[in-house]
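Visitor: This is what each chain is made of:
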Amino acid sequence: MPQMSSVPIAWRLQQPRYRLIGTICTKCNTSYFPPRSLCQTCRDKGKIEKHKFPGTGKILTYTVIRIAPEGFAEFAPYAIAIIELEPGVTVAGQVVGDPEQVKTGRKVKTTFRRMYTDGKDGLLQYGMKWELLDQ
Amino acid sequence: MSSIGIVGYGAYVPRFRISVEEIARVWNQDAQTISNGLMVKEKSVPDKDEDTITLSVEAGRNALARAGIDPTEIGALYIGSESHPYAVKPSGTVVAEALGLPNRLMLADFEFACKAGTAAMQVCYGFVKGGVIDYGMAIGADTAQGRPGDALEYTAAAGAGAFIIGKDPVVTLDHTASFTSDTTDFWRREGQDYPRHGSRFTGEPAYFRHVVSSSEQLLNETGYKPADFAYVVLHMPNGKFPTVASKKLGFTPDQLKTGLTVTRMGNCYSGSSPVGLTAVLDIAQPGEKIFMTSYGSGAGSDSFIFTVTDKILAVRDKAKKTEQYLADKKNIDYATYARLRGKLKV
Ligand SMILES: [Zn+2]
Chain A
1 MPQMSSVPIA WRLQQPRYRL IGTICTKCNT SYFPPRSLCQ TCRDKGKIEK
51 HKFPGTGKIL TYTVIRIAPE GFAEFAPYAI AIIELEPGVT VAGQVVGDPE
101 QVKTGRKVKT TFRRMYTDGK DGLLQYGMKW ELLDQ
Chain B
1001 MSSIGIVGYG AYVPRFRISV EEIARVWNQD AQTISNGLMV KEKSVPDKDE
1051 DTITLSVEAG RNALARAGID PTEIGALYIG SESHPYAVKP SGTVVAEALG
1101 LPNRLMLADF EFACKAGTAA MQVCYGFVKG GVIDYGMAIG ADTAQGRPGD
1151 ALEYTAAAGA GAFIIGKDPV VTLDHTASFT SDTTDFWRRE GQDYPRHGSR
1201 FTGEPAYFRH VVSSSEQLLN ETGYKPADFA YVVLHMPNGK FPTVASKKLG
1251 FTPDQLKTGL TVTRMGNCYS GSSPVGLTAV LDIAQPGEKI FMTSYGSGAG
1301 SDSFIFTVTD KILAVRDKAK KTEQYLADKK NIDYATYARL RGKLKV
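One line per chain: the protein sequences are A and B, in this order. Mapping the first sequence onto our numbering, position 114 (from 1) lands on 114, and the numbers just tick up by one. In our numbering, each residue carries its 1-based index in the second sequence increased by 1000.
Treat the hints as calculated values from the structure; they're not laboratory data. Ideal Cβ positions, reconstructed from N, Cα and C, are used throughout, including at glycine. Misleading hints may appear alongside valid ones.
Unchecked claim - Straight-line Cα separation of at most 25 Å, DMTMM-like style, residue types lysine to aspartate or glutamate; simulated pairs:
| # | chain 1 | residue 1 | chain 2 | residue 2 |
| --- | --- | --- | --- | --- |
| 1 | B | 1329 | A | 131 |
| 2 | B | 1320 | B | 1168 |
| 3 | A | 120 | B | 1111 |
| 4 | B | 1167 | B | 1221 |
| 5 | B | 1320 | A | 134 |
| 6 | A | 120 | B | 1047 |
| 7 | B | 1343 | A | 118 |
| 8 | B | 1321 | A | 98 |
What the hints assert, rightly or not - Partial list, derived from the structure: chain A residues whose beta carbon lies under 10 Å from chain B:
| # | residue |
| --- | --- |
| 9 | 105 |
| 10 | 111 |
| 11 | 113 |
To be verified - Computed spacing ranges between beta-carbons, pair by pair:
| # | chain 1 | residue 1 | chain 2 | residue 2 | range |
| --- | --- | --- | --- | --- | --- |
| 12 | A | 92 | B | 1336 | 38 to 48 Å |
| 13 | B | 1106 | A | 135 | 15 to 25 Å |
| 14 | A | 55 | B | 1330 | 36 to 46 Å |
| 15 | A | 74 | B | 1330 | 15 to 25 Å |
| 16 | A | 118 | B | 1228 | 22 to 32 Å |
| 17 | B | 1149 | A | 64 | 32 to 42 Å |
| 18 | A | 12 | B | 1087 | 17 to 27 Å |
| 19 | B | 1342 | A | 50 | 13 to 23 Å |
| 20 | B | 1342 | A | 103 | 23 to 33 Å |
| 21 | B | 1328 | A | 66 | 23 to 33 Å |
| 22 | B | 1025 | A | 64 | 27 to 37 Å |
| 23 | B | 1073 | A | 105 | 31 to 41 Å |
I would like the entire structure built from these sequences, with the hints used as guidance.
Guide: See the structure below:
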């Protein structure tokens, strides 16, 4: 996973990863995550600004990873879910805790966690994961 | 002069717990004797992806929610811990970015064993009082490790307490003073996984001398008596030490019990007295006074006198309370614990 340990990429992804910051076109009120610098509807007539999404969402679909890719084995088994932040805006993320409890439709909120540990001497990468809210 | 103190506070305690009974079972020791001796039932255990940085972000978010201020108004962030994830690269930089603090920010990681978090509170207080900043955030956080089989393994836990210090507070910080000496009761050399300690030496000349001297010093300087306080919070390496020290100082068990969070979550080192203080702030009434003394090996203690204002009633429900964190738990067995804490080296 060479990309995971790239220092410049990790730095550029900080705002979306740390604080769920995307963008919004204030002309047509469409929000984007991950952030886009060009509105898909208004194109160059749009007006794009930073937009902080609230730290809650709903699970649209999920899968349980039992055999994890390199660098994520310590977390297995774990659930990766597609989470709806706002109508039409989704993000993929790891749901912490028991993957057996993860269900479509459940509400989740962000929790700040370590995403990836690059060996014994590389970068530690942080960001938002998701935890289930009480039903 | 307008008063200075805590404008927002927050705690974070990881969800997993392991009981003293379960640890004693593995090492073939008498659980009841150990649990009674330490006055600790179970301790908190961080998840695989939790560390001092993530705990600090969660506690800091709660403090910001209660303070109700724009994060960009904060002028300083100091995090006290003995488990900063990087040896070189400040934890605070990640935490500041995650909390949305501004780039015009004074920042450093603090270390003074278990009292680095309260030292951070003192520094923020000084800067606000001196007019250098409007708000400063101080965090005490740790994911403490004990060597498998060592006595510390029963209590070494994880947790964080965060405080935003500023003017127009919900709790005024009326007085603070410290007591410091060169006393080596507990240490960890660079590159070592686990700390070492002076066993019985950690009690009398270390914890008790510093906690009692610092507390008596501040009481004498201010003229207050233990009976003037509704609550007392002392550093909690276990339940027994603060129980004995508070009695020596003339406090009653009733004054101590609310902040004695160690019995249900263990010792979260730099987060210990800070988390105890958050538990008190969750229920204290306007007008009540709080006395707090931390302890850091090496050694030193910071003492504080706080007064709760009526503004606290409007902020305390804006974030998850410490009691909720303590109640919201999942018990695990030793095998799971060893896996989570990376104690099995293969
Ligand atoms: Zn648009």
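Visitor: Does each hint fit the structure? Answer for all of them.
Guide: Each hint, compared with the structure:
1. B:1329 to A:131: Roughly 14 Å separates the two Cα atoms, so the pair holds.
2. B:1320 to B:1168: holds (23 Å)
3. A:120 to B:1111: holds (23 Å)
4. B:1167 to B:1221: holds (24 Å)
5. B:1320 to A:134: Within the cut-off at roughly 13 Å; holds.
6. A:120 to B:1047: holds (19 Å)
7. B:1343 to A:118: holds (19 Å)
8. B:1321 to A:98: holds (24 Å)
9. 105: violated (22 Å)
10. 111: Holds: closest Cβ of chain B sits about 7 Å from residue 111 (chain A), inside 10 Å.
11. 113: At about 4 Å, which falls below the 10 Å cut-off, the nearest Cβ of chain B leaves the hint on residue 113 (chain A) intact, so it holds.
12. A:92 to B:1336: 38 to 48 Å: Given a distance of about 27 Å, which is not inside 38 to 48 Å, the answer is violated.
13. B:1106 to A:135: 15 to 25 Å: Once the Cβ atoms are compared, 43 Å apart, the range 15 to 25 Å for residue 135 (chain A) and residue 1106 (chain B) is violated.
14. A:55 to B:1330: 36 to 46 Å: The hint (36 to 46 Å, Cβ to Cβ) is violated, given that residue 55 (chain A) and residue 1330 (chain B) are roughly 22 Å apart.
15. A:74 to B:1330: 15 to 25 Å: holds (18 Å)
16. A:118 to B:1228: 22 to 32 Å: Since residue 118 (chain A) and residue 1228 (chain B) have Cβ atoms about 53 Å apart, the given range 22 to 32 Å is violated.
17. B:1149 to A:64: 32 to 42 Å: Roughly 35 Å apart at Cβ, these two residues keep to the hinted range, so it holds.
18. A:12 to B:1087: 17 to 27 Å: holds (25 Å)
19. B:1342 to A:50: 13 to 23 Å: violated (38 Å)
20. B:1342 to A:103: 23 to 33 Å: For residue 103 (chain A) against residue 1342 (chain B), whose Cβ atoms are near 31 Å apart, the range 23 to 33 Å holds.
21. B:1328 to A:66: 23 to 33 Å: holds (27 Å)
22. B:1025 to A:64: 27 to 37 Å: holds (31 Å)
23. B:1073 to A:105: 31 to 41 Å: holds (38 Å)
The structure fails hints 9, 12, 13, 14, 16, 19 (numbered hints given earlier, in ascending order).
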